[in-house]
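Could you slot chain B onto chain A? The hints should help.
Which chain is which? The protein sequence lines are A and B, in order.
If you want this note's numbering, it's the 1-based position in the first sequence plus 4.
If you want this note's numbering, it's the 1-based position in the second sequence plus 258.
Quick caveat, the hints were computed from the structure, so don't treat them as lab data.
For each residue, glycine too, the CB sits at the ideal point set by N, CA and C.
Just so you know, not all the hints are guaranteed correct.
Ranges between beta-carbon positions, derived for each pair [said to hold, decoys possible]:
#	chain 1	residue 1	chain 2	residue 2	range
1	A	Ser14	B	Lys311	25 to 35 Å
2	A	Tyr43	B	Lys269	16 to 26 Å
3	B	His299	A	Glu19	28 to 38 Å
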Amino acid sequence: SQELEQSPQSLIVQEGKNLTINCTSSKTLYGLYWYKQKYGEGLIFLMMLQKGGEEKSHEKITAKLDEKKQQSSLHITASQPSHAGIYLCGAEPNNAGNMLTFGGGTRLMVKP
Amino acid sequence: DAGITQSPRHKVTETGTPVTLRCHQTENHRYMYWYRQDPGHGLRLIHYSYGVKDTDKGEVSDGYSVSRSKTEDFLLTLESATSSQTSVYFCAISGGGAKETQYFGPGTRLLVL
Numbered sequence: 005s006q007e008l009e010q011s012p013q014s015l016i017v018q019e020g021k022n023l024t025i026n027c028t029s030s031k032t033l034y035g036l037y038w039y040k041q042k043y044g045e046g047l048i049f050l051m052m053l054q055k056g057g058e059e060k061s062h063e064k065i066t067a068k069l070d071e072k073k074q075q076s077s078l079h080i081t082a083s084q085p086s087h088a089g090i091y092l093c094g095a096e097p098n099n100a101g102n103m104l105t106f107g108g109g110t111r112l113m114v115k116p
Numbered sequence: 259d260a261g262i263t264q265s266p267r268h269k270v271t272e273t274g275t276p277v278t279l280r281c282h283q284t285e286n287h288r289y290m291y292w293y294r295q296d297p298g299h300g301l302r303l304i305h306y307s308y309g310v311k312d313t314d315k316g317e318v319s320d321g322y323s324v325s326r327s328k329t330e331d332f333l334l335t336l337e338s339a340t341s342s343q344t345s346v347y348f349c350a351i352s353g354g355g356a357k358e359t360q361y362f363g364p365g366t367r368l369l370v371l
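Just chain A, same shape as in the assembly (with noise of 0.2 Å):
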């Protein structure tokens, strides 16, 4: 089965600070997908990568692919206390798209 290794598992960093956190797959991507979950609540979509070197930004957050390496980098621009929460990966461990296998999580605070 696949498996997705997240790091850092946790992460504290200053307001204004840049970050990076990793999604690693043990096999084949067919799908990434990033979300964010505040605590207490529901995950929420944040975007999704398909393609080797695809690369998506929404606001400050960018998210990149690379299929070679079976890797996907999250990167956080000039942090702020919004941003903090549970960033999750999730990956279709095949092509039929039917079922998401979910990294373990990256836990992000932001100091003011």
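Structure of chain B alone, referenced to chain A:
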């Protein structure tokens, strides 16, 4: 926000009692999913449905059953709750097929004493 609601949002129950969680969607999406989220394990798929009365098992289906009699409702039943089923349960929906984004509900916090 995707139109997904879960009920109840919080529940405390005793070991051995049956529990049913409900997921309701207003998006008319074909696929519906039940996940559980536990510290150290992330999100794990319990069961999913790809249409009315069409369901399949996920990674951690033991001790759970599901039913989908209408497009908009997906029920998760714990026939006899155990303490190991204490968790946060999330429902998700998608149009189905590759590259279709899953949208999640707000979650149900279940405590089995």
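Going through the hints against the structure:
Checking the proposed 25 to 35 Å range against Ser14 of chain A and Lys311 of chain B shows it is violated: the Cβ atoms sit about 42 Å from each other. A hinted range of 16 to 26 Å for the beta carbons of Tyr43 of chain A and Lys269 of chain B is consistent with their spacing of about 20 Å. Separation of His299 of chain B from Glu19 of chain A is about 31 Å and conforms to the stated range, judged on CB atoms against 28 to 38 Å.
Hint compliance for this structure: hint 1 is the single one not met.
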